[in-house]
Amino acid sequence: MPTKNVLNYSYYPGCSLHASAKEYDESTQELFKILRIGLQEVPDWLCCGATPAHNVDELLSLSLCAKNLELADGVQGDLAVACAACFSRLKTAQHKLEENPEKRKQVEYALDAPLAMDKPVKHLLEILAKDYGLEQLGAAMRKSLSGLKVACYYGCLLTRPAEVPQLDCAEAPTIMERVIEAMGAETVKWSHRLECCGANFTLSRPGVVLQLSNEILASAQRAGADCIMVACPLCHANLDIRQKDIEAASGTRYNLPVLYMTQLLALGAGVSAKKLGFDSMMVSPLPLLKEKGLV
Amino acid sequence: MKNSKMTLSAETMNLDFVKKVEKLSDSSVRRCFQCGKCSAGCPMRTFMEHPPNRIVRLLQLGQYERVLAGRSIWYCASCETCSTRCPNKVDLAAIMDALRKCSWDAQGHSKESLVQLANRLFLDNIRTYGRQYEMRLAAAFNLHSGKLLKDFMLGPKLLTKGKLKMFHQKNKNLAEIEKIFRRIEELRKKGEAP
Ligand code: SF4
Ligand code: SF4
Numbered sequence: 001m002p003t004k005n006v007l008n009y010s011y012y013p014g015c016s017l018h019a020s021a022k023e024y025d026e027s028t029q030e031l032f033k034i035l036r037i038g039l040q041e042v043p044d045w046l047c048c049g050a051t052p053a054h055n056v057d058e059l060l061s062l063s064l065c066a067k068n069l070e071l072a073d074g075v076q077g078d079l080a081v082a083c084a085a086c087f088s089r090l091k092t093a094q095h096k097l098e099e100n101p102e103k104r105k106q107v108e109y110a111l112d113a114p115l116a117m118d119k120p121v122k123h124l125l126e127i128l129a130k131d132y133g134l135e136q137l138g139a140a141m142r143k144s145l146s147g148l149k150v151a152c153y154y155g156c157l158l159t160r161p162a163e164v165p166q167l168d169c170a171e172a173p174t175i176m177e178r179v180i181e182a183m184g185a186e187t188v189k190w191s192h193r194l195e196c197c198g199a200n201f202t203l204s205r206p207g208v209v210l211q212l213s214n215e216i217l218a219s220a221q222r223a224g225a226d227c228i229m230v231a232c233p234l235c236h237a238n239l240d241i242r243q244k245d246i247e248a249a250s251g252t253r254y255n256l257p258v259l260y261m262t263q264l265l266a267l268g269a270g271v272s273a274k275k276l277g278f279d280s281m282m283v284s285p286l287p288l289l290k291e292k293g294l295v
Numbered sequence: 001m002k003n004s005k006m007t008l009s010a011e012t013m014n015l016d017f018v019k020k021v022e023k024l025s026d027s028s029v030r031r032c033f034q035c036g037k038c039s040a041g042c043p044m045r046t047f048m049e050h051p052p053n054r055i056v057r058l059l060q061l062g063q064y065e066r067v068l069a070g071r072s073i074w075y076c077a078s079c080e081t082c083s084t085r086c087p088n089k090v091d092l093a094a095i096m097d098a099l100r101k102c103s104w105d106a107q108g109h110s111k112e113s114l115v116q117l118a119n120r121l122f123l124d125n126i127r128t129y130g131r132q133y134e135m136r137l138a139a140a141f142n143l144h145s146g147k148l149l150k151d152f153m154l155g156p157k158l159l160t161k162g163k164l165k166m167f168h169q170k171n172k173n174l175a176e177i178e179k180i181f182r183r184i185e186e187l188r189k190k191g192e193a194p
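Residue numbers (the numbering used here), protein chains in the order written: chain A, 1 to 295; chain B, 1 to 194.
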């Protein structure tokens, strides 16, 4: 018999979660199911415009986000967002359209409708740490991640700029560490957790990504991390999918698994490893997880 | 241009341009007192000929040609570090967006044409499909850039991992999205939006 959910959200996965980051989507669904948090995907959501739209066309970026918030308004519950970049775009649009009546008028014209933008937009981290709560998260633990040394990587957009995401302190956040420690993991102190991986240059300037992401991997390795934990598909693409290229370019062997926060949490909450997409990662985390007795 | 001598005069200073950038970005360039904090934290400064604080200084002096001619604005990763740390609340990341928009609109021949190409294809993709399909984006990029980036996103490997979709569902909001693009174009034609 299905049990009642303790919380319910509308859900905006974003383009990457339907493609190169499908294991982030799968593990999110599995984790939320076991925690009894309901997620209902916004039907026919659109791309948020990501970096290319705000890079050259702010009005388009704001309009695409406003349209998505209008679509989300038709589904019950605050809007849960998995991708740090989508999260940042949607929150920025809310912030800017609140502050600037002229831009608001232009976006209203573009959408040909009054704006419906008030639904709270929440990153998964925020839902887990604040709405669900760390204590409950700890109580949901079935298999402690103890012994696993995790480097929590925030990247740029989860915390910056200070006024927009408001997840945690912009310069010294601890929300990721607190969430994964609730599942028993150990976290390492390291220098590059808030540095940029070069995200949007994946296509046009891969050299930039190779250099910036290399510094991040090197820093995590120096700190003695077993793996890196991320909460963004773009960070993941650069650190995992590109890791072999980075190793070749820098002549350093890392072999550092890069895991989504939801994969690790779901594992701790007792979801079977088979459902968490570990096979589809470029740097397989399975040897590490076996060594730690987690699979 | 980088090292050429700068003469400040009514002819070389374009303050209208600076006002436009300030309006587009909702941020003032005059508040900057050149502490350099933005550049100290900028992950891309080594790729730029003008680090972020110098971009602001050049804007204060109305030197828009120097700013737009370089590659700096196209190497900004929009990481928001500068905007977060500026003691004077100069929103440099938004200023970078505004400068890119000015350069984009002017359609000047940019040295950073690959970045521009990637942006254009990305936006075309949204207009046509409503969402990004990495496979299509990569294919289009390779086609248009004339470079077969053999390793781009490790295409074949990702395919075997089931990570790239060859087919996709039709989005029910395609007409709505076309309407948004069209109405923005209309607004611009009427001169009611930048
Ligand atoms: S941090 Fe702000 S005040 Fe300091 S140089 Fe940069 S823009 Fe100017
Ligand atoms: S937003 Fe751009 S200019 Fe500012 S710190 Fe990041 S890369 Fe540098």
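Treat the hints with caution; some may be incorrect.
Stated by the list, open to error - As a list, the in silico DSBU-like pairs of lysine-lysine whose alpha-carbon atoms are at most 30 Å apart:
#1 A/K143 to A/K189
#2 A/K96 to B/K20
#3 A/K105 to B/K5
#4 A/K96 to B/K190
#5 A/K96 to B/K5
#6 A/K33 to B/K170
#7 A/K119 to B/K179
#8 A/K275 to B/K170
#9 A/K119 to B/K172
#10 A/K119 to B/K89
None of these hints come from the bench; they were simulated from the model.
Values in this document were obtained by computation on a predicted structure and should not be read as measured data.
Verification of the supplied hints:
1. A/K143 to A/K189: With Cα atoms ~24 Å apart, A/K143 and A/K189 stay inside 30 Å; holds.
2. A/K96 to B/K20: holds, 17 Å
3. A/K105 to B/K5: The given pair, whose Cα atoms are some 44 Å apart, is violated under the 30 Å limit.
4. A/K96 to B/K190: Answer holds: A/K96 to B/K190 is near 23 Å, not above 30 Å.
5. A/K96 to B/K5: violated, 39 Å
6. A/K33 to B/K170: holds, 28 Å
7. A/K119 to B/K179: holds, 24 Å
8. A/K275 to B/K170: holds, 27 Å
9. A/K119 to B/K172: Judged against 30 Å, a Cα distance of about 22 Å means the pair holds.
10. A/K119 to B/K89: Since the Cα atoms of A/K119 and B/K89 sit roughly 27 Å apart, the hinted pair holds (cutoff 30 Å).
Comparing the model with each earlier hint shows violations of hints 3, 5; every other hint is respected.
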